[in-house]
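Numbering (full-length UniProt numbering), first residue to last: 1 to 90.
Hints are not guaranteed to be accurate.
Simulated restraints on C-beta separations [what the hints assert, rightly or not]:
1. E88 - K24: 31 to 41 Å
2. A87 - K53: 29 to 39 Å
3. M32 - L12: 33 to 43 Å
List time: in silico DSS-like cross-link candidates among lysine-lysine, alpha-carbon distance up to 27 Å [unchecked claim]:
4. K24 - K3
5. K56 - K24
6. K56 - K3
Hints in this document: simulated from the structure, not taken from any laboratory.
The C-beta atom is built at its ideal place from N, Cα and C for all residues, glycine as well.
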Amino acid sequence: MSKAQRAHLRKLANPLKPTVMVGKQGLTEQLMAKIEQELTAHELIKVRLLEYKDQKDALAATMVAESGAALVGIIGHVITLYRPRPAEEG
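Taking the hints into account, I'd like the entire structure generated from these sequences.
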């Protein structure tokens, strides 16, 4: 992803509210399923870290690896992810 694309996605993500929260249990299978669901529905999502704030880089890397999304950025305790919807065949 180019810097221009990342900047454009950051601009689009600015008004968005986090739709997924990482709490005490950390990055569980259910949480990854929720991230997958949100990425499929919205393409661009924010994930707020309520716990594990000191591990945000590692958590972001795990989310990217498991979901196939691109990391748009980490601001404070919020991770922004982007994954384009697959093209519909038909």
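Are any of the numbered hints broken by this structure? If so, which, sorted upward? 3, 4
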